[in-house]
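Please put together the full structure from these sequences, using the hints given.
Those sequence lines, one after another, are chains A and B. Using this note's numbering, the letters of the first sequence map in sequence onto residues 764 to 1658. Using this note's numbering, the letters of the second sequence map in sequence onto residues 764 to 1658.
Hints should not be assumed to be uniformly reliable.
The list treats identical chains as interchangeable, and a pair is accepted whether it falls inside one copy or across any two copies.
What the hints assert, rightly or not - Calculated pairs, DSS-like style, for lysine-lysine (alpha carbon to alpha carbon, straight line, at most 25 Å):
#1 Lys1502 x Lys1515
#2 Lys1496 x Lys981
#3 Lys1570 x Lys1353
#4 Lys1428 x Lys1161
#5 Lys991 x Lys1491
#6 Lys1502 x Lys1590
#7 Lys1134 x Lys1570
#8 Lys767 x Lys906
#9 Lys981 x Lys1491
#10 Lys1570 x Lys1496
#11 Lys1570 x Lys1491
#12 Lys1161 x Lys767
#13 Lys1134 x Lys1358
#14 Lys819 x Lys918
#15 Lys1362 x Lys1570
Honestly, the hints are just simulated from the structure, not real lab data.
2 protein chains.
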Amino acid sequence: MAEKWVYLFNEGNRDMRDTLGGKGTGLAEMTNAGLPVPPGFTITTEACNEFFRIGKKFPEGMWEQVQQALQEVEQRSGKRLGDAQNPLLLSVRSGAKFSMPGMMDTVLNLGLNQETLHGLIEQTGNSRFGYDAYRRLVQMFGKIVLDIPGEHFEKDLQQAKDHKGVQADTDLTTNDLKAIADQFKQIIKQKRNLEFPEDVFEQLRMAIEAVFDSWWGKRATDYRNNQKISHDLGTAVNVMAMVFGNMGFDSGTGVAFTRDPATGEKVLYGEYLPNAQGEDVVAGIRTPLKISQLQDTQEQVYQQFVEVANQLERHYRDMQDLEFTIEHGKLWMLQTRTGKRTAQAAVKVAVDMANEGLISREEAVLRVEPKQIDQLLHPRFDDKAKQAAQSEGKFLAKGLNASPGAAVGQVAFNANLAEKWGKGGRPVILVRPETNPDDVHGMLQAKGILTQHGGATSHAAVVARGLGLACVAGCEALRINLEEGEMHVNGHVIHEADYISLDGATGEVFLGQIPTVVPKLEEQQELVTLLSWADGFRRLGVWANADYPRDARQARAFGATGIGLCRTEHMFFEIERLPIMREMILAETKETRQKALDKLLPIQRGDFEGILEAMAGYPVIIRLIDPPLHEFLPPYEDLLVEVTELRVRGDNPALLVEKGALLQKVSVMREANPMLGLRGCRLGVLFPEITEMQVRAIIEAAINLKQRQVDVHPEIMIPLVGHVNELKDQREKLEAVVKQVQEERGTEISYKFGTMIELPRAALTADEIARYAEFFSFGTNDLTQTTFGISRDDAESKFLLQYVERKILPANPFQQLDRQGVGQLMKMAVEGGRATRPEMEVGICGEHGGDPSSVEFCHQINLNYVSCSPFRVPVARLAAAHAALREKFDIRRDK
Amino acid sequence: MAEKWVYLFNEGNRDMRDTLGGKGTGLAEMTNAGLPVPPGFTITTEACNEFFRIGKKFPEGMWEQVQQALQEVEQRSGKRLGDAQNPLLLSVRSGAKFSMPGMMDTVLNLGLNQETLHGLIEQTGNSRFGYDAYRRLVQMFGKIVLDIPGEHFEKDLQQAKDHKGVQADTDLTTNDLKAIADQFKQIIKQKRNLEFPEDVFEQLRMAIEAVFDSWWGKRATDYRNNQKISHDLGTAVNVMAMVFGNMGFDSGTGVAFTRDPATGEKVLYGEYLPNAQGEDVVAGIRTPLKISQLQDTQEQVYQQFVEVANQLERHYRDMQDLEFTIEHGKLWMLQTRTGKRTAQAAVKVAVDMANEGLISREEAVLRVEPKQIDQLLHPRFDDKAKQAAQSEGKFLAKGLNASPGAAVGQVAFNANLAEKWGKGGRPVILVRPETNPDDVHGMLQAKGILTQHGGATSHAAVVARGLGLACVAGCEALRINLEEGEMHVNGHVIHEADYISLDGATGEVFLGQIPTVVPKLEEQQELVTLLSWADGFRRLGVWANADYPRDARQARAFGATGIGLCRTEHMFFEIERLPIMREMILAETKETRQKALDKLLPIQRGDFEGILEAMAGYPVIIRLIDPPLHEFLPPYEDLLVEVTELRVRGDNPALLVEKGALLQKVSVMREANPMLGLRGCRLGVLFPEITEMQVRAIIEAAINLKQRQVDVHPEIMIPLVGHVNELKDQREKLEAVVKQVQEERGTEISYKFGTMIELPRAALTADEIARYAEFFSFGTNDLTQTTFGISRDDAESKFLLQYVERKILPANPFQQLDRQGVGQLMKMAVEGGRATRPEMEVGICGEHGGDPSSVEFCHQINLNYVSCSPFRVPVARLAAAHAALREKFDIRRDK
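Below, the structure is given as structure tokens:
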């Protein structure tokens, strides 16, 4: 016996989504719930797969089952397909497991031919309706089933209207429509060398084949690749008796959501167009009515629809997106599916439904995707204002959406100016070819960052995300002229101090000021509630990366319960400190270096007091100096140009000598691959006096605060350890300093001493390293760089984005943790570390700490916490809860 | 009962080396063999360790056991320690398991005081002998036991001689010596506030304590650290009755080897000094006689000694280093130990002994350390000529010994000149601040390379080792002035074309021409034999890294049975090819790039024909292009200076535009961390036309040769794979090319397709990668870089050598494979790869392939072969045999 390829709507149910697709199960559920659904049936996804397996032929028995199911439909509708007197018309729609743009959508009115057309006209007494239905069928059949570009049909239709001097389709007469249908049939003949099939079964067969074929259409395939949807799912085909909303003013068609998809408010939300078919709503022939206006004309039908909507929402326990048609006062439900919604609505609907008792709090938490709430916390542009700017020609260019948020400000082309203006209270957008650590003091005072070069993990992007600033990076259309203080962008010239607006979420750059909306967490009551529920479910702690007290305070406000990474080197880049830092680096003797360090000590102590106080009661992990020292010196290339100029000009021999000497020093220090050079713990091993100063500053700060009754928990972190001996060396030297300071001050401080795990070798030898580390923190940025052998400074602009686009890599590993490679090392490190020190505190402080997929992995390998930029703390809290709940309920990501 | 701390010589045996030390077991063995050894005893290493454990006190019972053993010695010698009439004198010598410079050596004549001195004089009837013995005791006791710098004593002795106007100690009279002994006692009093002990037991006690103490002396501790000898071994103390070689011309002392330690020839080799004590031989008072001359005066004794020597060699089954003394015609053996020997001797002795049936062939192979034979194959300086150069003030400076071998040639400061001269037949030394791939064409024609910057794995070093050229790198004393064409080195000025000589094995640089010796493998019959035995024992294949036919031929001559790495990019750097390469790189369109590639195709095909033919019958692994393309362009910094000069001068606007455009292009291509940038397989993924050209060249070359009946086995290798999809992409594209060429030519070629494993992620996901790779080759240079996060271009000059010196790292991981980190990844990769593809061919082509310790590890993790530079092939063959034999006999490295 042949397999069952075809299910009547009443034979299916919601658990058969794999077989019947999304649309099919919705129709089945509604049918079985006794709701008014036109009779119909679904051809299974398995049939589609079998169709391809056996060389694009209908599977054995399928066509017979279609005909059988059709008889059932004919019986229930009291009409017959192809019957000249009482013709049954059909709609044929694709319906995969996941809704998929690019697949064949819908053919309406299937079953019309010369014969049945006359039957329809007689039956309805409406020849214009009949010819219009026929014209629509031929057009849709040509466009959708036969894949003839729609413009061929639209052009003819337009010519007809132009010829008659009318605007709307509805102004065309029966004869006009008749002629148009003939013309459409000619187009089919011309383009496909095919007569429009008079045989209605042939129509049906071809439509079903076309739905199947559309599964492997280019756009559908691309979409699946892009969305990581499996190619072996196949699509179902839904065949349903037509009902008509265009049978007069007691008829109509509409779409509605059971709640407001923009705000989440519990009101029926949608549109209704009297005397129209679904496609007319899309075509915008007339302005549709609000759904609530339906009760003014057809109160009973409206009440019935309200009840149906409620019933479906209760049934599915989620907000529904409904399609319906009213034919001569009778309601027909054509589709129900989970409604798409904005982030704001997602949060409100989830929290409301939990409060209504419709779903559990766990479900509510799982209903909101972590990345959705990202946008709820960054400033964003007012949508309408942005559209207006667009239409006013103020759009300048599009770059990489490197750090979300909207920013408006005056252009500054250098960091010093940005800092000056920013401190003076002017809103600033720092615009640079690219940024480097020298620019951080300016970035700190800016509202947003725009760069010409660099990818989503360039310096600009990383720092901006850390600071919660909007950033558009790699905007290659910019032509920046630093000397003139202006830039050219697609024909516009922007001068220093001109206003521009950046949308960091989309990468768009606009001229002028677009009004922004700045959401606050505490004002978003439902979000606060949802996150508090999430906190109850998660096992992972959520900490933040923060270098400054203001970031730490922001992180606390967003719910962080610790600082997982406080970078100490940014502190050295501030204008007044950099010269001392350079003095230290260029010192020829240990004594002169110590003198400079003595000047830096009170500054660092002040920094640490600030951040430890802001995080009173919580741990603060302070990472000792990490970047190569030459990053604090003027760039080699700049000096080279300067010295060459001085040499050729020959007008200032004294300056030439001075600059030449500096060039020589920088030249000795520069490295072929600074990422793998003299940095991290290697600095402390070679120049212990630097890290000793830093540890003294930390402990002195902690003691000062303790004496003021502030509860401090500093943790000292050594970066870039590759061999246990590096950590041993530093720990011995630095703990001597701790001891000495404690003795000087007569006070003890409780602190931890630990290391970053950011090199493969550290992960591979974690058991040994754990002997000297009380905590581990994964630096997954560097760990990804070394595990892949990819420099993040170079890769994104040079090849990484192409790799992702071409699916060589499934995702950008700097955004989403590579579980197989980097993750495997992390797992080894957790196991190795805890084998030596079972209570080892292990966390992550790389960029990945705020990425939901990565957070899930951190949960799975039993980290204690994730640490991310302050603005991503809520995302991480939710993602951590998702991970725990998915584990609890054994939910796998399903695509 | 107290532990046994003291063993009479007849109580020990050779298996007690841990307890009795090397010297002690030698004396025990000789005693038990019935050889004439003065009576004595050994205090154990355990006693030494216990001495320190309990706070520098003699262990319980030890002193009593010493006294007891002493009685035995007194009985056997018929003398008594401290006896005024018939005094026993003793020698006290340290003796650890491994001979260790820096430890207390020997105190002779212990037991003399005012009283016993007169006894000795009476007994011998020789007062000068008595006072001389006494003077020597006080001097040695002061210097060695009391640690008073020897120069204090030597100064007084010299003054005495000056005062008398004599040259030699022997010219001093009894009275002189008496006075000197008194002065020496004064020195002890002054420097140590101590009377020279009259109590002979006190002398013995102090001498034993001093031996113990010397275990933790600074030089001994440093030496152990340096040689990786464990600190908990402790030293033994040997106490032996004195015998005197200075009792007249029927007495004497000597040292001898059972074979010639320089050549390995089977002749007794050594020196003998009549009427002298051992120290006189060292002091060089008189010219010693050859050992064979002994038979002229004391034939019987000589014959006895020859027998003893033979007996000992047979007993120990190895060449022995003997010390002996003849006292009044009686032979006394004082020491036997395994004799140190030159590499040449080591090989000859091992092969001879195996042929003599004294040892097995396995033992013979194990007797020669692989690294010893390295020097046998590189050209080297004639030792005497080098000493002469040194004494003539021709030593210039010392750099890193980057690639062994001696080289003499004329200085060229740039690669083009070096190439020109080299091709013209002039011997050239290329001298550069540092080298880069641009210089390879010059290096190819040079005899040696000298650089100012860069470590032992800098470009210069790596290429030089690959080419078997001598290289001294990082010679920071050089002050090179490229524009003037000269360099200043420690006060010398060297101009272009001046001759210099480099010793790559020591890092020394000399002015002028030092004669060299160039050994040939085939002329070293014993080495050829030893290696052929080794080949029979090893499991690992030994292949070579070779980029040129001449290297391949050299590799074959040295016994390589495959090419594990043929780098294709060096071929592009040759003078006539570089412009085409640049044309290709700078191409704006695919078409212009293809045009350049079309020009490169026949050139590459020719290269491959050459190397495949040279290796006929063996596999040749050809690695597709690896370095970042910008390495083929002029350096950014050079262009920057050029453009700046042109800009400031303003005298050549056309050239400025041209150079400015090139600068712009190079600027776009340059990378922050080129090591982690757009290179390796990433190039082929992005620009498939490049690797497609290379594969076409390989297959066309192979077919051309096959048609000429040459047996070819090309293997195509993709570098820097991090994700299986990269390999999949390249394999699909490149196998299409193979297929196409085969079709065009109507011939099939058998070939393999594989990948390098040189990134941690590749090792971690080797199971996946193996789906598309028929072979793996470990690129341990890059794998070490990424696993450690260390750039080899930067690390050695910046911090790595300091790390090794300070024991942060046990060894330079670029020289000796880091088994724990990098090795762990390799092990995972072998297991992963073979899980997918059990017959997977796995090898190593990093620098480590020629390092004996690394070869051993490769054997342990079951690689199929190691591949190293041609000159290291013999080393690797021997190292591979060692690894197999050590595994077979379960021998561990013992230190």
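Hints and how they fare:
Within a single copy, Lys1502 and Lys1515 get their C-alpha atoms as close as 13 Å, which meets the 25 Å cut-off; across copies the closest is 62 Å, which misses it. For the identical chains of this complex, Lys1496 and Lys981 are inter-copy neighbours only, at 22 Å across copies versus 63 Å inside a copy, given an alpha-carbon limit of 25 Å. In this assembly of identical chains, the alpha carbons of Lys1570 and Lys1353 lie at most 25 Å apart only when taken from different copies (22 Å versus 52 Å within one copy). In this assembly of identical chains, the alpha carbons of Lys1428 and Lys1161 lie at most 25 Å apart only when taken from different copies (23 Å versus 40 Å within one copy).
Taking CA atoms no more than 25 Å apart as the test, Lys991 paired with Lys1491 passes between copies only; the shortest distance there is 19 Å, against 46 Å inside one copy. In this assembly of identical chains, the alpha carbons of Lys1502 and Lys1590 never lie at most 25 Å apart, being 34 Å within a copy and 43 Å across copies at closest. With identical chains, the CA atoms of Lys1134 and Lys1570 are at most 25 Å apart within one copy only, with a shortest distance of 22 Å there and 48 Å across copies. In the homo-oligomer, the alpha carbons of Lys767 and Lys906 never lie at most 25 Å apart, since the shortest distance is 31 Å inside one protomer and 104 Å across protomers.
Proximity of Lys981 and Lys1491 under a CA criterion of 25 Å is satisfied inter-copy only: 23 Å between copies versus 58 Å inside one chain copy. For the homomeric pair Lys1570 and Lys1496, the shortest alpha-carbon distance between copies (16 Å) is at most 25 Å, but the shortest distance inside one copy (48 Å) is not. Taking identical chains as interchangeable, the C-alpha atoms of Lys1570 and Lys1491 lie at most 25 Å apart only when they sit on different chains, with a minimum of 12 Å there against 43 Å within one chain. In the homo-oligomer, the alpha carbons of Lys1161 and Lys767 never lie at most 25 Å apart, since the shortest distance is 51 Å inside one protomer and 86 Å across protomers.
For a Cα distance limit of 25 Å, the shortest separation of Lys1134 from Lys1358 qualifies neither inside one copy, at 48 Å, nor across copies, at 48 Å. For the homomeric pair Lys819 and Lys918, neither the shortest alpha-carbon distance inside one copy (33 Å) nor that between copies (107 Å) is at most 25 Å. For the identical chains of this complex, Lys1362 and Lys1570 are neighbours neither inside a copy (52 Å) nor across copies (32 Å), given an alpha-carbon limit of 25 Å.
Violation of the numbered hints given earlier is confined to hints 6, 8, 12, 13, 14 and 15; the remaining hints are satisfied by the structure.
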